[in-house]
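Visitor: If you read the sequences in order, they're chains D and G. Residue 86 in my numbering is what sits at position 86 of the first sequence, and the numbering runs on without skipping anything. Just so we're on the same page, my numbering is the position in the second sequence counted from 1, plus 1000.
Heads up, a few of these hints could be off.
To be verified - Here are the computed lysine to aspartate or glutamate pairs in the EDC-like style, where the Cα-Cα straight-line distance is at most 20 Å:
(1) D:LYS36 - G:GLU1030
(2) D:LYS98 - G:GLU1030
(3) D:LYS98 - G:ASP1056
(4) D:LYS36 - G:ASP1056
(5) D:LYS98 - D:ASP16
(6) D:LYS56 - G:GLU1059
(7) D:LYS98 - G:ASP1099
(8) D:LYS36 - D:ASP78
(9) D:LYS36 - D:ASP83
(10) D:LYS68 - G:GLU1030
(11) D:LYS36 - G:ASP1099
(12) G:LYS1009 - D:ASP26
As the list claims (entries may be wrong) - If you only want the chain G side, here are some residues facing chain D, beta carbon under 8 Å, derived:
(13) PRO1008
(14) PHE1010
(15) GLY1063
(16) TYR1064
(17) PRO1083
(18) GLN1085
(19) PHE1103
(20) GLY1104
(21) LEU1109
(22) THR1110
Hint data in this document are derived by calculation from the structure and do not stem from the laboratory. Computed from a prediction, not measured in an experiment: that's the story for all the values here. Note that beta-carbon positions come from the ideal geometry of N, C-alpha and C, so glycine has one too.
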Amino acid sequence: GEDVEQSLFLSVREGDSSVINCTYTDSSSTYLYWYKQEPGAGLQLLTYIFSNMDMKQDQRLTVLLNKKDKHLSLRIADTQTGDSAIYFCAEKTGGYNKLIFGAGTRLAVHP
Amino acid sequence: NAGVTQTPKFQVLKTGQSMTLQCAQDMNHEYMSWYRQDPGMGLRLIHYSVGAGITDQGEVPNGYNVSRSTTEDFPLRLLSAAPSQTSVYFCASSITNTDTQYFGPGTRLTVL
């Protein structure tokens, strides 16, 4: 079945790079997404990658996709305290716009 | 544009009560959906709609009803609330059923 897995917690020092990893099972996924959720807020779309791409860069964010291993990662360069949040990986699968979400990775940034 | 709006932000119900969670978008998006978020889990799809007058079930539809009489609004109804429905509910919309979804701020529901 469809499943998306993420590690639950990541702690980094301010200024370092953060790498959040995600694995998925559905090889027919068309798009893969990263959403950010700050405390008490909704989900904010950070970036997405089409399944025929290997990499996408957007300012401090780099998304890497290894389709063979069904592995997706989000790298945040020069991590700041404002990056502290929960990051959700999601895959789009199926004929309609169905998103399968991971449980989220809580990123804590400390001085 | 206000984007995707949800009301109320918080709600407390007693078991057996009914209520409607409101969701509206002003972007003329055809596709709208409802998710619930539970601790330690990702969001799970409850119901979705590909356009006015068309709705269908997602992963966890039991206990919820939806309707889509207009493009802008997609209310979620709990007919007889149960403690298992305590959750945070998110509404999302996209231009079509293949485009990126944008989420509302959420409704935190507690059922006692």
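Visitor: Now tell me if each hint is right for this structure.
Guide: Now the hints, each set against the structure:
For a cut-off of 20 Å, the pair hint linking LYS36 (chain D) to GLU1030 (chain G) is broken: about 24 Å separates their Cα positions. For the suggested pair LYS98 (chain D) and GLU1030 (chain G), the alpha carbons sit about 14 Å apart, so the restraint of at most 20 Å is met. Distance hint between LYS98 (chain D) and ASP1056 (chain G) is fulfilled; the C-alpha atoms sit about 11 Å from each other, no more than 20 Å. At most 20 Å may separate the alpha-carbon atoms for a hinted pair to count; LYS36 (chain D) and ASP1056 (chain G) exceed this at roughly 27 Å.
Taking the CA atoms of LYS98 (chain D) and ASP16 (chain D), the gap is about 34 Å. The hint is violated against a cut of 20 Å. Straight-line distance between C-alpha atoms of LYS56 (chain D) and GLU1059 (chain G) comes to about 30 Å, which puts the hinted pair past the 20 Å bound. Simply put, LYS98 (chain D) and ASP1099 (chain G) have alpha-carbon atoms about 11 Å apart, close enough for the 20 Å limit, and the pair holds. Proposed proximity of LYS36 (chain D) and ASP78 (chain D) is supported: the alpha carbons are some 17 Å apart, at most 20 Å.
Between the alpha carbons of LYS36 (chain D) and ASP83 (chain D) the distance comes to roughly 9 Å, so the proposed pair stays at or under 20 Å and holds. For the hint linking LYS68 (chain D) to GLU1030 (chain G), the alpha-carbon distance of about 33 Å lies beyond 20 Å, and the restraint is violated. For the suggested pair LYS36 (chain D) and ASP1099 (chain G), the alpha carbons sit about 18 Å apart, so the restraint of at most 20 Å is met. Under the criterion of a C-alpha separation no larger than 20 Å, the hint pairing LYS1009 (chain G) with ASP26 (chain D) is inconsistent with the structure, at around 34 Å.
Interface restraint check for PRO1008 (chain G): the shortest CB-CB distance to chain D comes to about 14 Å, outside 8 Å, so the restraint is violated. Checking PHE1010 (chain G) against chain D by beta carbon gives a least distance of about 10 Å; that is not within 8 Å, so the hint is violated. A distance limit of 8 Å between C-beta atoms decides the matter here; for GLY1063 (chain G) the minimum to chain D is near 20 Å, and the interface restraint is violated. A least Cβ separation of about 16 Å between TYR1064 (chain G) and chain D goes past the 8 Å threshold, and the interface hint is therefore violated.
Because the beta carbon of PRO1083 (chain G) sits about 21 Å from the nearest beta carbon in chain D, more than 8 Å, this interface hint is broken. Interface hint at GLN1085 (chain G): violated, since its Cβ lies 19 Å from the closest Cβ of chain D, which is beyond the 8 Å cut-off. For PHE1103 (chain G), the shortest C-beta to C-beta distance to chain D is roughly 4 Å, which falls under 8 Å, so the interface hint holds. Contact between GLY1104 (chain G) and chain D, as hinted, is supported at the beta carbon level, the nearest pair being about 6 Å apart and thus within 8 Å.
Among the interface hints, the one on LEU1109 (chain G) is violated; its C-beta lies about 14 Å from the nearest C-beta in chain D, farther than the 8 Å criterion. Taking 8 Å as the C-beta cut-off, the interface hint given for THR1110 (chain G) is violated, the closest approach to chain D being about 15 Å.
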